[in-house]
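Student: Work out the full structure, taking the sequences as your base and the hints as a guide.
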Amino acid sequence: MMKTGRAHPLRLAGILILLLLSVLLCVALGSVVVPINKTATVLWRALTGQAFLMDAQARILLLVRLPRVLSVFLVGAALSLCGAAMQGLLRNPLADGATLGVSSGASLGAMLALLFGFSLPGFPLGGTALFSMAFAFMALVLVLSFAYVLDRSLATTTIILIGIVLTMLMGSLMSLLISFAGNRLRTLTFWTLGSLSASSYSDALLLAAFLLICVPVLLSQTRELDALSLGEEAAQHLGVSVRKVKLLVLIIVSMLIGVTVSIGGSIGFVGLVIPHITRLITGPKHKVLLPYSLILGGIFLMYCDLIARSLLSPVELPLGVVTSLIGAVFFMVILLRQRRKMA
Amino acid sequence: MLTVNNCSVRIGKVSIVDDVSFDLRPGQWLMLAGPNGAGKTSLLKAIARSLKSSGHMLFDGQDIAKMPSRGLARSMAVLQQSHNLSYAFTVRELVALGRYAHQSAWSHQDLGGQQKIDEAIELCGLTALKNQNALTLSGGELQRAFLAQVFAQDTPLLLLDEPVSHLDLPYQQSIFDLTDQWLKTPGRAVLSVVHDLQLARKYGSHGLLMKQGKRLAFGPMDEVFTRDNLKQAFDMDVSAWFDGLHAAWADLQTLAD
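Here the protein sequences line up with chains A and B, keeping their order. For the first sequence, the working numbering assigns the number 16 to the initial residue and increments by one for each residue that follows. For the second sequence, the working numbering assigns the number 3 to the initial residue and increments by one for each residue that follows.
Derived from the structure by calculation, the hints contain no laboratory data. Glycine residues also receive a C-beta, built at the ideal position from the N, C-alpha and C atoms. Hints may contain errors.
Unchecked claim - List of simulated lysine-lysine pairs, DSBU-like, C-alpha gap at most 35 Å:
1. A/Lys259 <-> B/Lys204
2. A/Lys261 <-> B/Lys132
3. A/Lys259 <-> B/Lys233
4. B/Lys132 <-> A/Lys259
5. A/Lys302 <-> B/Lys118
6. A/Lys261 <-> B/Lys186
To be verified - Coverage of chain A stretches by chain B, computed from C-beta distances (three or more under 8 Å per stretch; other residues unrestricted):
7. 104–110
8. 250–260
9. 265–273
Tutor: Here is the structure:
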């Protein structure tokens, strides 16, 4: 276990190598398998601007798989980072975009934007992204205020219960929207199936831009999150401006979840499972936990996506189904372990 | 060091603390006592600013309400009664969190901080446990770890909120002895909420008796913890009760002899 929270060079190198290999593997594998050495050559040459033969395989690699793998990585990274930050902020190991109803809030927002055709001029994804973020934030504020009213300690069970209620409510509102969608039904249905299968470089770019803004902000709050994981009152006694930090983290989390949902739909459990596993490796200090959660979350989702597109190929499974299957099993294990600890 | 003028705390329409004033000087250990619901903990939280209050409170001449969060945390540290630990911090990581207010916001630099952390760990007898997962500690060990955290916070004023309520006797003794030792350095003071009047009497230099949110008596221990004051605060003859308890121990002693 990490004792000082200092960067651990060997482990960092290991995880970066794992990341590179995973990208290579996930780009190479699929319905058309491209040999690894060819994949590596094409990617390297494309990246460094050297000449290479743009044959059918290279087209698949560069125009279909790479943008998809990159988008998937960035979505996984963002969701996992958000999970880790929320779990620290609420000192609640079960907090996550999906369990708190934030993802369904974001979905509802995206659907409203699609239904009413709200979009930003020159930025086709802007409208859905903006609505997703706003609704994600509202959902988060709603859950937390309810939880505060019911029980000031923000206990695990209270928050999760309210999250479930909110998810159900958002779900029925979405069904309502679908039943009134009329001629926009196709657009909505297509979006709710939510997959990253048609991801383009512009999706990846949008995600990367958001991460570039949000990651440094979250990383600047790691000591505050450490203190907050002892409880809000304790953090305040240690000198943390609790309201300020909380608002900042909630805004960042809503932005990230909003943008991932608007691009890839609601993908559950990444933000729950990965920070948990990461915490076992790095310990609970956020200075190490956040960056490792980010990278491992991205890697995890890349493999889930690989399974989704190759298990029943040529039929593709929705990505959310794969993560939920893995996540649900993991969730049970956590609950059982907690029960055993209490007994 | 600490001056509290007309402090009141209201929750809704209920008055929890009603117009309490007192002051605390360096070297003093002020014991806040009174029956359940007297408003002791609320008063302590109002001073630490974790509960909204009215009135005027000064720390070394500065208005507590206007102090920045970090500045306040460099002036006073709070040891709570119980802790809500969800994650597996090591003991040293837990103690190190006490340095938050001393680290600069951007570079995180904290000159001499590591030494303060190690000193606090050693003072509290946790050196052997410092790399241990804090979730595996016993209640008494955990409370000592949090005491080390407030020592590492290195403030002139320490606020203790019923620090030993859940602990066995040896841990009660060790928490109070450690605090007593900490207080020996000049320029420091302690304010603590206590249930156990015997502990209050033994360790406190001054006392503040409260009842139903109001101040009943304040001053040096001998003048505050009198038979009449205690009787008025607790609606029972506390001294007679203690005499009875002591007599029981004396009997035991005679039997042993």
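Student: The structure should be examined with respect to each hint, and the outcome stated for every one.
Tutor: Tested hints:
no. : hint                  : in the structure
1   : A/Lys259 <-> B/Lys204 : 42 Å, violated
2   : A/Lys261 <-> B/Lys132 : 30 Å, holds
3   : A/Lys259 <-> B/Lys233 : 46 Å, violated
4   : B/Lys132 <-> A/Lys259 : 32 Å, holds
5   : A/Lys302 <-> B/Lys118 : 21 Å, holds
6   : A/Lys261 <-> B/Lys186 : 38 Å, violated
7   : 104–110               : holds (count 3)
8   : 250–260               : holds (count 6)
9   : 265–273               : violated (count 0)
Hint compliance for this structure: hints 1, 3, 6, 9 are not met, and every other hint is.
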